Structures are given as structure tokens and as C-alpha cells.
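Go ahead and model the full structure; you've got the sequences and the hints to work with.
2 protein chains.
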Amino acid sequence: MHHGIGFIQDLAVVMALAGVVTVLFHRLKQPVVLGYIAAGVIIGPYTPPFQLIHDEQTIQTLGELGVVFLMFSLGLEFSLRKLVEVGATAIVAALSEIVLMLWIGYEIGSAFGWSPMDSLFLGAILAISSTTIIVKALADLGLKRESFAQLVFGILIVEDILGIAMLVLLSGIAQTGELSAGIALVTLGKLLLFMTVSLVVGILVVPRALNYVAKSQSDEMLLVSVLGFCFAFCLLVVKLDYSIALGAFLIGAIMAESRHLHRIEHLIAPLRDTFSAIFFVTIGLMLNPAVLVDYAWPIAVITIAVIAGKIVSCGLGTFLAGKDGRTAMRVGMTVSQIGEFSFIIASLGLTLKVTSAFLYPIAVAVSALTTLFTPYLIRAADPLTRRLGHAMPPTVANVFGMYGQWLGSLRPASGGPTVFGLTRRIILQIAVNLAIVAAVFLGASYGAPYGSRFITGWLPSEPMQRVVVWSAALVVSMPFLVAVYRKTKSLALLLAEISVQPAKAGRFTSAIRYAISDLVPVVSMLGVFLLVSALSSAILPPTGLLVAVLLVAALLLAVLWRWCVRIHATMQIALRETFDEQPDP
Amino acid sequence: MHHGIGFIQDLAVVMALAGVVTVLFHRLKQPVVLGYIAAGVIIGPYTPPFQLIHDEQTIQTLGELGVVFLMFSLGLEFSLRKLVEVGATAIVAALSEIVLMLWIGYEIGSAFGWSPMDSLFLGAILAISSTTIIVKALADLGLKRESFAQLVFGILIVEDILGIAMLVLLSGIAQTGELSAGIALVTLGKLLLFMTVSLVVGILVVPRALNYVAKSQSDEMLLVSVLGFCFAFCLLVVKLDYSIALGAFLIGAIMAESRHLHRIEHLIAPLRDTFSAIFFVTIGLMLNPAVLVDYAWPIAVITIAVIAGKIVSCGLGTFLAGKDGRTAMRVGMTVSQIGEFSFIIASLGLTLKVTSAFLYPIAVAVSALTTLFTPYLIRAADPLTRRLGHAMPPTVANVFGMYGQWLGSLRPASGGPTVFGLTRRIILQIAVNLAIVAAVFLGASYGAPYGSRFITGWLPSEPMQRVVVWSAALVVSMPFLVAVYRKTKSLALLLAEISVQPAKAGRFTSAIRYAISDLVPVVSMLGVFLLVSALSSAILPPTGLLVAVLLVAALLLAVLWRWCVRIHATMQIALRETFDEQPDP
Numbered sequence: 001m002h003h004g005i006g007f008i009q010d011l012a013v014v015m016a017l018a019g020v021v022t023v024l025f026h027r028l029k030q031p032v033v034l035g036y037i038a039a040g041v042i043i044g045p046y047t048p049p050f051q052l053i054h055d056e057q058t059i060q061t062l063g064e065l066g067v068v069f070l071m072f073s074l075g076l077e078f079s080l081r082k083l084v085e086v087g088a089t090a091i092v093a094a095l096s097e098i099v100l101m102l103w104i105g106y107e108i109g110s111a112f113g114w115s116p117m118d119s120l121f122l123g124a125i126l127a128i129s130s131t132t133i134i135v136k137a138l139a140d141l142g143l144k145r146e147s148f149a150q151l152v153f154g155i156l157i158v159e160d161i162l163g164i165a166m167l168v169l170l171s172g173i174a175q176t177g178e179l180s181a182g183i184a185l186v187t188l189g190k191l192l193l194f195m196t197v198s199l200v201v202g203i204l205v206v207p208r209a210l211n212y213v214a215k216s217q218s219d220e221m222l223l224v225s226v227l228g229f230c231f232a233f234c235l236l237v238v239k240l241d242y243s244i245a246l247g248a249f250l251i252g253a254i255m256a257e258s259r260h261l262h263r264i265e266h267l268i269a270p271l272r273d274t275f276s277a278i279f280f281v282t283i284g285l286m287l288n289p290a291v292l293v294d295y296a297w298p299i300a301v302i303t304i305a306v307i308a309g310k311i312v313s314c315g316l317g318t319f320l321a322g323k324d325g326r327t328a329m330r331v332g333m334t335v336s337q338i339g340e341f342s343f344i345i346a347s348l349g350l351t352l353k354v355t356s357a358f359l360y361p362i363a364v365a366v367s368a369l370t371t372l373f374t375p376y377l378i379r380a381a382d383p384l385t386r387r388l389g390h391a392m393p394p395t396v397a398n399v400f401g402m403y404g405q406w407l408g409s410l411r412p413a414s415g416g417p418t419v420f421g422l423t424r425r426i427i428l429q430i431a432v433n434l435a436i437v438a439a440v441f442l443g444a445s446y447g448a449p450y451g452s453r454f455i456t457g458w459l460p461s462e463p464m465q466r467v468v469v470w471s472a473a474l475v476v477s478m479p480f481l482v483a484v485y486r487k488t489k490s491l492a493l494l495l496a497e498i499s500v501q502p503a504k505a506g507r508f509t510s511a512i513r514y515a516i517s518d519l520v521p522v523v524s525m526l527g528v529f530l531l532v533s534a535l536s537s538a539i540l541p542p543t544g545l546l547v548a549v550l551l552v553a554a555l556l557l558a559v560l561w562r563w564c565v566r567i568h569a570t571m572q573i574a575l576r577e578t579f580d581e582q583p584d585p
Numbered sequence: 001m002h003h004g005i006g007f008i009q010d011l012a013v014v015m016a017l018a019g020v021v022t023v024l025f026h027r028l029k030q031p032v033v034l035g036y037i038a039a040g041v042i043i044g045p046y047t048p049p050f051q052l053i054h055d056e057q058t059i060q061t062l063g064e065l066g067v068v069f070l071m072f073s074l075g076l077e078f079s080l081r082k083l084v085e086v087g088a089t090a091i092v093a094a095l096s097e098i099v100l101m102l103w104i105g106y107e108i109g110s111a112f113g114w115s116p117m118d119s120l121f122l123g124a125i126l127a128i129s130s131t132t133i134i135v136k137a138l139a140d141l142g143l144k145r146e147s148f149a150q151l152v153f154g155i156l157i158v159e160d161i162l163g164i165a166m167l168v169l170l171s172g173i174a175q176t177g178e179l180s181a182g183i184a185l186v187t188l189g190k191l192l193l194f195m196t197v198s199l200v201v202g203i204l205v206v207p208r209a210l211n212y213v214a215k216s217q218s219d220e221m222l223l224v225s226v227l228g229f230c231f232a233f234c235l236l237v238v239k240l241d242y243s244i245a246l247g248a249f250l251i252g253a254i255m256a257e258s259r260h261l262h263r264i265e266h267l268i269a270p271l272r273d274t275f276s277a278i279f280f281v282t283i284g285l286m287l288n289p290a291v292l293v294d295y296a297w298p299i300a301v302i303t304i305a306v307i308a309g310k311i312v313s314c315g316l317g318t319f320l321a322g323k324d325g326r327t328a329m330r331v332g333m334t335v336s337q338i339g340e341f342s343f344i345i346a347s348l349g350l351t352l353k354v355t356s357a358f359l360y361p362i363a364v365a366v367s368a369l370t371t372l373f374t375p376y377l378i379r380a381a382d383p384l385t386r387r388l389g390h391a392m393p394p395t396v397a398n399v400f401g402m403y404g405q406w407l408g409s410l411r412p413a414s415g416g417p418t419v420f421g422l423t424r425r426i427i428l429q430i431a432v433n434l435a436i437v438a439a440v441f442l443g444a445s446y447g448a449p450y451g452s453r454f455i456t457g458w459l460p461s462e463p464m465q466r467v468v469v470w471s472a473a474l475v476v477s478m479p480f481l482v483a484v485y486r487k488t489k490s491l492a493l494l495l496a497e498i499s500v501q502p503a504k505a506g507r508f509t510s511a512i513r514y515a516i517s518d519l520v521p522v523v524s525m526l527g528v529f530l531l532v533s534a535l536s537s538a539i540l541p542p543t544g545l546l547v548a549v550l551l552v553a554a555l556l557l558a559v560l561w562r563w564c565v566r567i568h569a570t571m572q573i574a575l576r577e578t579f580d581e582q583p584d585p
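Protein chains in written order, with full-length UniProt numbering: chain A, 1 to 585; chain B, 1 to 585.
What the hints contain is simulated information worked out from the structure, not anything from laboratory work. Hints may contain errors.
Identical copies look the same in the list; a pair holds intra-copy or inter-copy alike.
Keeping only pairs whose Cα atoms sit at most 16 Å apart, straight-line, the calculated EDC-like set for lysine to aspartate or glutamate is [to be verified]:
hint	residue 1	residue 2
1	LYS190	GLU56
2	LYS215	ASP140
3	LYS29	GLU220
4	LYS190	ASP294
5	LYS190	ASP382
6	LYS136	ASP219
7	LYS136	GLU220
Everything numeric in this text was worked out from a predicted model, so none of it was measured.
In C-alpha cells, the structure reads:
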């Protein structure tokens with residue numbers, strides 16, 4: 001029991017100081033996060049008189065757990081349903097914010113004569129606002145239930161997704177040194193594929209498993225199961241070379257569809273609070289106050305740029321997406337800071353050894369300053385709107401008013417399902433099923449080298465091994481292939497119905513329609529076959545054997561067609577049920 | 001973000017397997033703890049095919065956090081109030097259990113030809129029952145609110161305290177190789193002193209501080225403050241060379257007196273469940289199944305000894321303390337297993353390198369087996385009592401019945417405060433105040449070498465340094481010394497009142513009474529002075545200076561007497577208030 005004293009001492013120093021600081025900053029009405037960072041600086045290696053931390057590595061490891069629990073909680077608050085509600089506006093606002101801030105950051109970096117990589121990472125650091133800070137500030141001000149707050153949360157969700165895409169892209173750029181459009185497309189495509197398949201498979205499996213566990217009423221069992229899923233999924237994600245932050249966020253988003261969401265949130269909160277405190281303290285540990293003095297000038301410039309840039313970009317985006325000026329101003333003022341995501345991006349740069357050492361402390365300093373201003377900015381939004389309204393020349397006000405009216409007139413009258421709505425829905429279904437098929441074949445290709453070790457014993461021939469693996473992938477993906485075929489056929493029928501009008505085609509109408517609805521799916525399936533072949537080129541059997549496999553598969557398909565349709569329908573219903581279920585209060 | 005994959009992988013393996021196992025064992029209606037240990041064995045280094053854990057050290061460290069949180073939760077459930085209610089019975093039962101099991105364990109070890117140290121540790125391993133298992137089993141069987149369960153919890157509390165004393169004594173014996181009565185007394189005296197002072201000072205400070213923090217309604221703040229106190233205190237305890245388990249238990253017991261107990265329990269539960277799962281898995285990690293086969297015979301013998309020995313010793317103790325036969329049987333059957341404390345003691349032996357390697361796996365195996373039987377034994381208690389009642393010859397039954405009646409007749413009729421009650425109370429108060437005085441001087445002696453570094457600058461003379469430190473200690477302990485004096489005086493008055501009766505002493509009655517009540521305190525204070533001098537011999541000033549210090553102190557005392565009385569009264573009231581406060585629901 002007497003070993004590991006160093007570790008306990010570190011933890012004691014971190015937690016005791018965090019405890020004092022959380023109370024102190026609460027009294028000063030400042031975000032506790034700032035206090036944690038300050039505590040980290042105090043006990044850190046750069047400030048005299050004592051070197052209080054002995055085993056910085058272990059504390060860093062615990063801090064990483066903080067990232068996992070922070071992103072997991074963020075995922076739990078993520079909701080596909082909520083995202084759809086505020087969807088369009090949130091996407092426009094978030095995109096305009098990220099693009100503008102990336103550009104501003106890059107330009108500032110270049111103006112200071114930093115390297116292109118430093119400038120790029122600076123742009124990425126400035127792009128994403130801090131969900132933690134915003135949620136906390138809005139809760140403190142009692143504004144969490146207002147409609148503009150809902151919109152802000154929507155923007156934050158979109159930012160989280162785009163931020164994760166940015167993490168992946170930045171890793172790619174950092175490793176190859178450049179951003180080729182092709183690589184970016186492939187990277188984003190893979191990410192999208194991975195996210196789609198994880199979400200679909202996860203939502204099919206995880207909430208059901210948790211429902212079963214939750215029946216026992218034992219909090220311990222539920223918690224350990226939740227953590228089991230969380231870490232297992234994180235491990236899978238890390239093995240696929242994505243960041244653990246992405247994994248934690250995705251599995252959180254999957255569990256957000258569970259009926260027991262509120263119980264899970266309740267159980268995870270203490271873990272999140274404990275380890276995120278450690279995480280923020282470790283940020284302070286890495287902060288060298290001397291650097292802040294050396295870089296006082298860039299810090300000041302960047303802070304002003306973040307506040308002004310985010311108010312303008314996000315506020316304008318919100319306004320352009322059709323909200324009134326007051327809401328736009330409140331949204332812009334609320335998101336005008338950077339936070340945990342910026343630290344993650346900054347530490348990514350450090351880990352990959354592509355950014356200079358000064359970037360991290362600058363990010364922390366700018367985050368601290370902007371966080372400091374956040375509550376005041378939110379409170380200042382309404383007075384500022386009024387003052388702007390008075391100061392604005394009537395003509396300008398008129399133009400703004402007309403823009404709003406014009407947008408309103410563009411919106412379709414709501415009614416029954418439109419052709420556009422139906423089409424969109426079918427296309428979405430086809431895409432999801434295609435994603436699953438692609439994932440199955442990609443997974444088989446990735447897994448084949450490991451699997452071949454086991455098969456080699458009773459099947460030494462390499463081509464035959466390919467046949468076995470490829471056939472297995474084909475059988476697994478069969479229900480989804482059938483679904484793709486059927487959905488494509490209904491899409492073709494629908495489009496034929498619209499595009500081929502009796503007025504033009506005369507008595508050939510129905511013949512042409514049938515031809516289209518028969519031909520399109522067959523051609524599509526050929527395309528699917530080519531796609532699958534390309535994805536699974538590593539395990540594609542030689543042509544002769546491939547033909548044989550396809551023939552057998554065709555026979556099998558004829559026998560199993562009904563079964564495939566049933567299986568797929570069951571899964572689809574299960575998915576919809578999970579989505580439609582409201583979490584228990 | 002990509003470093004530390006090994007750690008995440010370990011955690012993922014541990015948590016994922018723990019998740020599966022918790023569900024499986026719940027279905028099999030077996031304690032989850034067994035499942036965790038089994039999971040540990042599976043992923044452990046002794047079982048093929050894979051070596052699944054990479055960084056065993058980090059997982060072990062996290063497991064140690066499990067011990068901290070387990071003991072802290074145990075402390076939170078500890079209640080001085082509850083202990084007083086079932087006090088006498090619990091103490092008799094726990095003592096008879098621990099003494100008998102220590103003896104049985106030692107004898108078994110000797111019979112198998114093990115070394116005396118192994119045999120001693122075996123006895124200690126068998127002595128303490130498992131709070132976790134019992135609480136869980138009683139909750140599962142729906143018996144948690146029954147009166148025998150309350151008694152069991154009382155016994156467990158006494159066992160926890162005695163167990164901690166045993167930990168301290170065992171460390172001492174292991175390091176010196178022998179148990180001298182003197183060292184044992186000093187060790188236990190120091191432990192008692194430390195526990196008393198910690199509890200008094202802690203209960204004065206911590207619940208008040210937590211009340212202040214809790215006003216904010218922020219769970220995060222409360223949790224971080226609680227953890228801050230917990231780890232800071234653990235650090236202090238570890239620095240004083242006690243086990244971290246003791247520290248966690250004590251600070252838990254201190255927080256149990258907080259008004260916000262239930263909120264704290266709620267916040268700590270997820271941390272405890274997570275890390276205790278890891279702790280139990282690490283126990284499995286250390287378990288070599290081959291050892292179990294080699295030692296099948298001792299394991300079987302010890303398992304039977306634990307079950308039979310605990311039923312007899314604890315049941316008999318309960319009966320002798322005046323409970324009926326059915327309650328005694330139920331208590332005995334409930335405590336018939338060993339658990340977490342046994343692992344802590346076994347790992348202490350390993351850490352100190354005084355026990356053989358086979359002791360740990362034996363402890364784990366016996367714990368697993370006895371845990372397995374616990375629910376069945378609890379359920380079997382009532383039928384067994386009935387059968388025993390029928391099978392018992394009437395004469396024996398009569399003797400048992402008469403014993404109960406005799407005990408009942410011994411009990412004093414309840415009424416107003418008795419002289420005995422009053423005396424006991426004053427003596428307790430004197431003891432607590434003396435403990436604080438002793439702690440102040442001991443603390444000053446310990447701290448002097450560190451302090452002298454700072455003083456040396458402006459006070460190079462070593463004797464003068466002693467004067468400063470000793471005087472400081474005297475001033476700090478003055479309110480408590482005054483209290484000791486005043487309480488001794490009232491005790492002397494009370495005793496004089498009783499012992500000196502007018503019938504005997506005649507007209508000298510009041511004179512003798514006054515003489516006693518004046519003399520006794522003065523003599524006592526002389527004794528206190530000698531005690532303090534002995535405790536602080538390291539910093540006691542030379543005689544000449546000492547006399548000067550004492551004269552100044554006497555002058556100071558004359559001036560500050562009222563202030564000392566007031567300060568002490570304030571503290572006493574504050575302490576009583578905290579005790580009397582019921583936790584919020």
C-alpha cells in the first residue's frame with residue numbers, strides 16, 4: 001500500500017488546489033475552467049518555488065481520460081433530432097464562422113511571419129467555439145431555455161462535427177505536408193463512411209444492450225457497461241488511426257438515443273467533472289508564463305480577432321439564414337470564445353511535431369481572455385442591438401428588413417410530403433445502405449491479413465482464401481445490397497413517373513416508364529459492383545473464380561431474396577423505434 | 001492525441017470485459033465482485049492465449065484509486081451515532097470474531113507448516129468480513145432494513161476500525177519482526193491519538209467548508225472540493241506512514257457528519273464503482289490459477305474454517321452480548337466471508353516482502369468461495385435456527401434462556417443522567433482535549449526540523465529556536481489546557497461530592513470536598529505538564545529558559561483566561577451542532 005505515493009501526492013496537489021480554485025473563481029463569478037488552468041500554472045514546472053508534480057506522465061494520462069469523458073458527454077448532449085430542427089440555420093452560421101475564422105487565423109499567423117503550418121493550426125484553433133464555456137455561461141445567466149440558446153447549441157453540434165473533420169484533415173496535412181484535394185476528399189469520405197456506419201450499427205446495438213442492462217436497476221452495472229462500450233469503441237477508433245476524441249464523441253452520440261440517457265448522464269457527470277478538472281489543470285501545467293509575456297502582442301491581436309471575427313461571422317451567418325437581427329447579435333456574442341477544442345487541436349500540432357512550441361500557450365492565453373469576456377458579451381448583446389438599431393440609417397435598416405421578407409417568401413408552404421422530400425428520403429436510405437456495404441468490404445480487406453493466418457492451416461491456396469473472404473463479405477452485405485436495389489427501383493419509378501409525361505411520350509408512356517424503372521436499378525447495381533470491386537481490390541478473387549462466386553451468389557440470392565428483405569426491414573424498424581423513443585425523464 | 005494508446009487499450013480491455021462480466025454474473029445471481037476477479041484472471045499474465053494488458057503498472061495505480069474510493073465510501077457510511085446505538089453488542093461480537101479468527105488462522109498456518117509471519121497474516125486475512133459483499137447480499141435479499149442488519153453494520157464498523165489498527169500493527173510487526181507489548185501500545189496509542197484529533201479537527205472544519213461550497217448548488221464544485229479534501233488528507237496520512245486506506249476511511253467518516261452527505265454519496269458512487277471494478281480486476285490479474293491447484297487442500301480447509309469459525313465466533317459473541325438465538329444465528333451467517341480488507345492485508349504482506357507469494361492467491365480463492373456461499377448462508381439462517389431449536393435438549397435451552405434473563409436484570413433502569421453517565425462524559429471530554437494538546441506538541445516536534453530552516457536566518461541560537469517553537473505550541477494548545485483544567489476540576493468536585501459523605505467526614509465535609517476539588521486539578525496539570533514534556537522532548541527548551549517560558553505563559557494565561565474559555569466553548573458548540581445536524585434527504 002506504500003508504493004505509488006508519488007502518484008497520490010500529485011493527485012492530492014491537483015485535486016486540493018482545484019478544490020480551492022473552483023470555490024475562489026465561483027466567488028469571483030469567473031468560469032471555473034480559468035481557475036483550473038491557473039492552478040495548473042501554479043503547480044507547473046515553469047513557476048517557482050516548488051516543483052509540486054512528480055510524475056507528470058501519469059497526470060497527463062488522467063488528463064487524457066478527461067478529454068474522453070468531455071467528448072463523451074458532448075456526444076450524449078448531441079441529438080440528431082435537435083440538429084434537424086435548427087439544421088439549416090445552424091449549418092450556415094457554423095460554416096460561415098469556421099471558414100472566416102480559419103482565414104483570419106491564417107492571415108494573422110502569416111502577418112506575424114509564422115510558418116504556414118503554424119498559421120494553418122492557428123486558424124483551426126480559432127475556428128471552433130467552446131461548448132463547455134457556453135453551456136456554463138448560459139446556465140449561469142439563466143438563458144439556457146431561450147430560443148437563441150437552442151440555435152447556439154445547434155451551431156455547436158455542427159461545429160463539433162466539422163471540428164472532428166478538421167482534426168482528421170489536419171493530421172493528414174501534418175503528415176503529408178500538403179492538402180491535395182484528392183486526399184482531402186478520400187479522407188473526408190472515409191470519415192463520413194465510418195461515422196455513418198458507426199452511428200447506424202451503434203444505434204441498432206448499443207441502446208438495446210443498455211436497455212437490457214438497465215432492467216436490473218443497478219447503477220453500478222449500467223455504469224460499467226456504459227464505460228465498457230465507451231472504451232471498447234474508443235479503442236476501435238484509435239486502432240483505425242482516428243482521434244480518441246472522435247470515438248468518445250460518436251459513442252456518446254450513439255448512447256444519446258438510449259431510453260436511459262438521463263441516468264447515463266447522471267452517472268457520467270462525476271467522472272467527467274473529476275477528469276476534466278485534471279485535464280484543464282494539465283493544460284495549465286504546459287503553460288509557460290514567460291511565453292505569454294514574450295507573445296503579449298500576438299495574444300492581444302488574436303483575442304480581438306476572435307471576438308470581433310466570431311461576432312461578425314456567426315452573427316452574419318445567422319442573419320443570412322433568416323433570423324432577426326437581435327437573435328443574430330445574441331448568437332454572435334455567445335460564441336465569441338475558444339476553448340477545449342482549441343487545446344485539442346493545439347496539442348495535436350505539438351504531438352505531431354509540426355507546430356512551434358509557442359502556439360499552445362498562445363491558444364491557452366487567448367482562450368482564457370475570451371472566456372473571461374464571454375459572460376459580459378452575452379449580457380451586452382441586447383443593449384448593443386438596440387443601440388445599433390437606433391444608430392443605423394433608415395435605408396440600411398430597410399435593406400435588412402427586405403432581405404428577411406424575401407427569404408420568408410422563398411420558403412415552401414408546408415403541407416404533405418413533397419416529391420422533393422420523398423426523393424431525398426429514398427436517396428438518404430440508398431446512401432446509408434451503400435455505406436454499410438462499402439464498410440463491410442473495406443473491413444474485410446483490412447481484416448484479411450489477420451484472418452489469413454487462421455485460414456492458412458486448412459486452406460493454403462491464396463486465391464481460394466480470397467474467395468472465402470470475399471464471399472463472406474458478399475453474404476453479410478447481401479441484405480443491404482438487396483435494399484439498395486429495391487430503393488433504387490422505387491426511386492427510378494418515382495422519377496419516371498415525374499419525368500415521362502403522357503403529353504410528350506404519348507402511348508409509350510407506361511412502356512418508357514417501365515424501361516426506366518427496370519434499367520436504372522440494373523445499371524446502378526453494376527456501378528455498385530464496380531465500387532465494391534475497387535474498395536475490396538486487395539481481396540478480390542481472380543476473374544474466373546470471381547465469376548463462379550457471383551453465379552453462386554446469384555443462385556443464393558434467388559433463394560434468400562425474401563429473407564434478405566425481411567432482415568433488412570426488421571433492422572430498419574428497430575432503428576426507427578430507437579430514434580422515435582423519448583428518453584425517460 | 002495518439003500517444004498513450006497502450007493505456008487506453010488496457011482500460012478498454014478491463015472495462016469492456018468488466019461490463020460483460022457484470023451482466024453475466026448478475027444473470028447468474030452471483031456477486032459481481034467474483035465476476036471482476038474472474039475477468040482479471042482471464043486477461044491476466046498467467047492465462048493463455050493473449051497477454052492483453054500492456055502497462056500493468058498504470059492499471060494497478062488506478063486500482064489503488066479503487067481502494068481509496070472504496071474506503072472513502074465505507075467511511076461515508078460510517079456513523080458515530082449509529083455506532084453508539086448498537087455499540088456494546090457490536091464491539092463484543094466483532095472482538096470475539098477477530099480474536100477467534102486470528103487464532104484459527106494462525107493455527108491453520110502453523111499446522112500446514114507455514115512460517116509464523118505467513119500464519120499471522122493468514123489470521124489477519126481471515127479476521128475481517130467484507131462490508132461490500134454483505135451490503136450487496138443484504139440489499140439483494142431485501143433484508144437491509146431488518147434489525148439484525150443494523151447490528152451487522154455496527155459490527156462491520158467496529159471491524160473496520162479494528163482492521164485499520166491491525167494494518168498498523170502488522171506493518172510494525174513486519175518491519176521489526178516481533179510484537180513487543182510496549183511497541184504495540186505506543187503504536188495503538190499514536191493511532192488512537194491521530195484518529196481522535198483528525199475526527200475532532202476534521203468535523204470542526206470540513207462539514208462547514210462543504211456547507212459553504214454546497215451553497216452554490218453546483219455538483220461539480222462540491223465534487224471537486226470533496227475530492228480535494230479527500231486526497232489532501234490521504235496525502236497527510238501517507239506522509240505520517242499510515243496506509244492510504246486509513247486516510248480515505250477517516251476523511252469519509254468526517255464527511256459523514258456533513259449535512260450534504262447524500263449528495264456526496266451520490267457524486268462519489270460512479271467514481272467508486274468505476275475504480276473498484278478496476279481494483280477487483282487487478283486482484284484477478286495477480287491471481288495465478290496454477291497456485292490454486294497446488295494449494296487446493298489449504299484453500300478447502302481455510303474456507304470451511306472461515307465459514308464455521310465466523311458463524312460460531314460472531315454468533316456466540318452476539319448471543320453473549322444479549323441478543324436472542326435467532327438474531328445471533330442470522331448475524332453469524334451474514335458475516336461468514338472475507339473480502340476487500342483481506343486483499344488489502346494480503347497485498348500489505350506482499351509489499352513489505354514478509355509473506356510468501358502463495359498467500360495472496362489463497363486469500364483471493366477463499367474470498368471467492370466464501371462470497372459464493374454468502375447469499376445461501378443468509379437465507380439458511382432461519383431454517384437452521386428452527387432445526388437447532390427443535391434438536392436442542394430442553395436443559396440446554398433452559399440455560400440459554402436463563403442467561404438472557406440474567407443479562408436483562410443487569411441492565412440499569414433507564415432514567416435521568418446517572419453519575420456514571422456524567423463522569424464518563426467528563427472523562428471523554430478531558431481525553432479529547434488532552435489528545436489535541438498532545439497532538440499539537442507532537443506535531444511541533446515533528447515539524448521543528450523543517451521549521452528551523454526558515455527560522456535560522458534571524459534566530460541562529462538553537463535553544464532560542466526551541467523556545468519559540470515550544471512557546472508557539474503552548475499558546476496554540478492553551479484553550480485546550482484550560483479546558484482540561486476546568487473539566488478536571490468539575491470531575492473532582494463531582495467525585496468529592498460522592499465519595500466524601502457527611503456521615504463519615506462530619507463537619508469537615510465541605511472543607512475536604514474543596515481540598516479535593518482544588519488539589520486534584522493542580523496535580524493533574526502537573527501530570528499533563530510531564531506528559532507534554534515527554535512528548536515534546538525533542539523541542540523542550542533548556543530548564544532555565546523553560547521556567548521563563550512557563551512564567552510568561554502563566555502571566556499570559558491570567559490575561560487570556562476568559563478568552564480561552566470562550567474560544568473553547570465556541571468550538572465545542574460548533575462540534576455539537578455538526579453532530580446533531582441530520583443530513584438533508
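Going through the hints against the structure:
no.: 1; hint: LYS190 with GLU56; verdict: neither (36 Å within a copy, 34 Å between copies)
no.: 2; hint: LYS215 with ASP140; verdict: between (35 Å within a copy, 14 Å between copies)
no.: 3; hint: LYS29 with GLU220; verdict: between (35 Å within a copy, 15 Å between copies)
no.: 4; hint: LYS190 with ASP294; verdict: neither (41 Å within a copy, 53 Å between copies)
no.: 5; hint: LYS190 with ASP382; verdict: neither (43 Å within a copy, 64 Å between copies)
no.: 6; hint: LYS136 with ASP219; verdict: between (27 Å within a copy, 13 Å between copies)
no.: 7; hint: LYS136 with GLU220; verdict: between (28 Å within a copy, 11 Å between copies)
The earlier numbered hints that this structure contradicts are 1, 4, 5.
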